[in-house]
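Enquirer: One letter stands for each residue in the lines below.
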Amino acid sequence: MLVVDDLHVSFGGVTALAGVSFVVRPPSITSLIGPNGAGKTTAFNAITGYLRASRGRVTWDGAPLAGRPSDIARRGVVRTFQKTSVFPALSVFENVRTGLHLRGRAGVWSVLAGARRVRAEEARLAETAREILAFVGLDRRRDEIAGELPYGEQRLVELAVALAARPRLLLLDEPAAGMTGAEKERLIGMIRRIRAADVTVLLVEHDMKLVMGVSETVIVLNHGRVIAAGAPASIQAHPDVIRAYLGSSSAPA
Amino acid sequence: MIGRALVVASALALVTAPAWLASPYHLHVLIMAGVFAILALSLNLLLGYTGQLSLGHAAFFGIGAYTSALLALKLEWSFWLALPSAAVAAGLAGWAIGRLALKLRGAYFVLVTISFAGVISLVSINWMELTNGPLGLPGVPPPELGPWSLRTKTAYYYLVLAAAALAYLVCHRLVYSRIGRALVALRENEPLAESVGIDGTRYLVLAAVVSAALAGVAGSLYAHYTRFVSPEVFLFTYTVTMVIMVIAGGKGTLVGPVIGALLFTALPEALREAMAWQWQMLAYGVVLVVLVFFLPRGIVPAITARAARAAAASRAMRPGAAPR
Amino acid sequence: MEQLLQHLVNGLVLGGTYALLGIGLTLIFGLMSVVNFAHGEFYTLGAYAAFAVLALAGWPFFAALAAAIAAGAVLGALCERTLLRPLRGESIDTVMLVMIGLWIAMQNTELLVWGGVARSIPHPFPTEPLTLGPLNIAPLRLFVVGAAAALIAAAWLLIQRTRLGTAMRATFQDRDTAALMGVPIGRIHTITFAFGSALAAAAGALLGPVFLAYPSMGDLASLKAFSVVILGGLGNLAGATLGGLLLGVAEELGAGYVSSGYRDAVGFVAIILVLLFRPAGLFARAERIG
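The listed protein sequences correspond, in order, to chains A, B and C. Each number in our numbering comes from the position in the first sequence (counting from 1) with 35 added on. Each number in our numbering comes from the position in the second sequence (counting from 1) with 7 added on. Each number in our numbering comes from the position in the third sequence (counting from 1) with 7 added on.
Label pairs and their computed distance ranges (CB to CB):
1. C:G193 to A:E179: 35 to 43 Å
2. A:L147 to B:G146: 33 to 41 Å
3. B:G140 to C:E9: 28 to 36 Å
4. C:P141 to B:G140: 32 to 40 Å
5. B:W286 to C:P93: 22 to 30 Å
6. B:W87 to C:Q180: 55 to 63 Å
7. A:G47 to C:L94: 28 to 36 Å
8. B:G146 to C:W163: 54 to 62 Å
9. A:L147 to C:L219: 45 to 53 Å
10. A:E166 to B:R304: 31 to 39 Å
11. B:A315 to C:T169: 52 to 60 Å
12. B:A18 to A:L147: 20 to 28 Å
13. A:Y186 to B:P91: 46 to 54 Å
From the derived model, a few chain B residues whose C-beta atoms are all more than 10 Å from chain A:
14. A20
15. S30
16. L157
17. Y165
18. Y175
19. A314
Per the computed footprint, the stretches of chain B lying under chain A, defined by three or more beta-carbons under 8 Å from a beta-carbon of chain A, are:
20. 184-194
21. 200-214
Treat the hints as calculated values from the structure; they're not laboratory data. Where a beta carbon is used, it is the ideal one built from N, C-alpha and C, also for glycine.
Chain A on its own, in the form it takes in the complex (with noise of 0.2 Å):
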């Protein structure tokens, strides 16, 4: 379960975070909404290590998820970039089993020396590697040069990294941005697969379809705090959230 306490978040001056509280029960898929600068990937960031939080406290499975990015991935919590963020240079393939890193244990010393369970491990990861690029429908283009694929199928390879680091908590930054409808509809079926694999999924998205169609839970943010959560019915008529998004005077779209 991850709990966020009170989360405080500024820099520049700017207060991005005002006392953020909310809870995510695993397993389920959670989405955090709200209109543009309401502190959706700062809470990201916050949560994941990329930035200091001034006040509050971040739980997961009962202790404090605290400390750089890659101690909290190796907590299984890890996370996607709200710009498309792959290895570009690097084959598909490549970038996932680079992704794959915390599953392997080699040391320098067994490394140096060569040994025979090294060359196991790297098999076993290649395998591995193959499994999840099935699984997001990539393997046609594991040759190909990351930087070099069409938008949505980067952010692709970018979910299989993820997926790689094998996440027991996945936080999706606006995964479907820039797909077409086709791409999302595989989206929402890979996220509900991921989902059945005991995969505790929060995102971050625009799309309300997308949202709504998907989500367990919807928790909205706006100017850095949160005011409301539930099931997605319940938000999309709540007054406040529709204020936030619309302005005083609308009614619902």
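Chain A is already provided as a structure; the job is to place chains B and C on it using the hints.
Expert: Structure of chains B and C alone, referenced to chain A:
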């Protein structure tokens, strides 16, 4: 196919070199090339794989040389103990630099490495009781293997060849492993690497330690070959030469730095008659600028890319090949 | 006590020229983000230009200073146009390597032209030191610190009070907006680099007669310039001025009270310590942006 044949041919040529080389002087050039190949490989680990430029690598070379020489001269340790000790001493210095400086990155890291090398250089000049200052340490004993002294050029050549092969193996194993992937990931996209659990500091420090230790090995080999160590090992020209070897040869490849080392050890010797040393260094400066503009990835990648294109083209030209 | 004051005075003389070096580099490294390892070579160029003018052509001292500044500016502009402009947008490492290449090329050109023997640069000042109370100061050194102060003041005025200076500051704070406002970005880059190099050359022309001129004098000058920039904070003119003075005084005190062999280590140690503990520089007020 051609690549494999080339490798075998080169290996044979290297192993039989003392037999077919014209003079001991040429063997001397190969020995120096071997020492520099180890140095270039070590710098390449940092520059080519982590993307961090260390301009203080001469410091690790010098620490290795002085450690090995002092242990052999003052404590009468055998070469076979002095060499690993040199690696350890240099590795420790690399650890210190890595831990302190790698959170700096980029230009700041470069500056810290230069400053570190500067301080070490000044220490070697001023700490007369230990290093004998500018006068240096003469009479460093050559290695002994049982009853034989590896004093001859031929014997030393095989020692350096073995050491260079070992250094290459170390780099190869490291680079083509989970660790190597972590280093490349940190170079390509550090935040993404961190997000999948790759601890930047830990792996960069590791690269710094291995890199420094290898440079220390090169230093020890140098010291017991020339049998004289002085603060001149810290001269910036050595660092510059190393950098050119890596960049010209091809950073981020393993063969590149070796080729670069051979080229830039043999070339000055070949040109020694024709050109004064200052003209060569001037040429180095120009070459560096030209490389950055026209061959940024280095000679070896340019050649392999051209070979790959030629192979693809010839495949496409064969009758029955599908139109592209 | 008198010895302390004497060291302080000598330190200020050195420090004035270090400040010149540092101001030039803080513009180039701090504002343009160019890791200019060749900065010290412009310092050497200035010294040799002064030598050529004074020893060979027999012109007066001020002409030598002017010649050095002109040489620095012209060569700096040339380098920026041919080497840096095509590389704008490339990674900082690429530019760094090109600057290293320039460094080697310039130094060895100087070796070939002037030879490796150190040259003494003649100057018109009497060698008898002036006595000001408890202090002795050679007239040359007095001139050096005065000229340095004048040049520093001129640099400040240029940056803070002229339209050119405003254009420079605008370019490096927000290039796109400056471009939209009609600032000629390319020319500003060239002018900034030329200006910084000219200041380095001036420092060389001033310190050359105090010590000697030799081709590798630029190596230490480069590093000390970086030291000053790091001490003062990147792009921080006041910091570079204070940092330069601080470094000069620290070196003199270190050489006088600790050991003269390690005097150059002060700059190195300063770089390491500041980058480790206060990377924004000693004089940074608020948080660093970017």
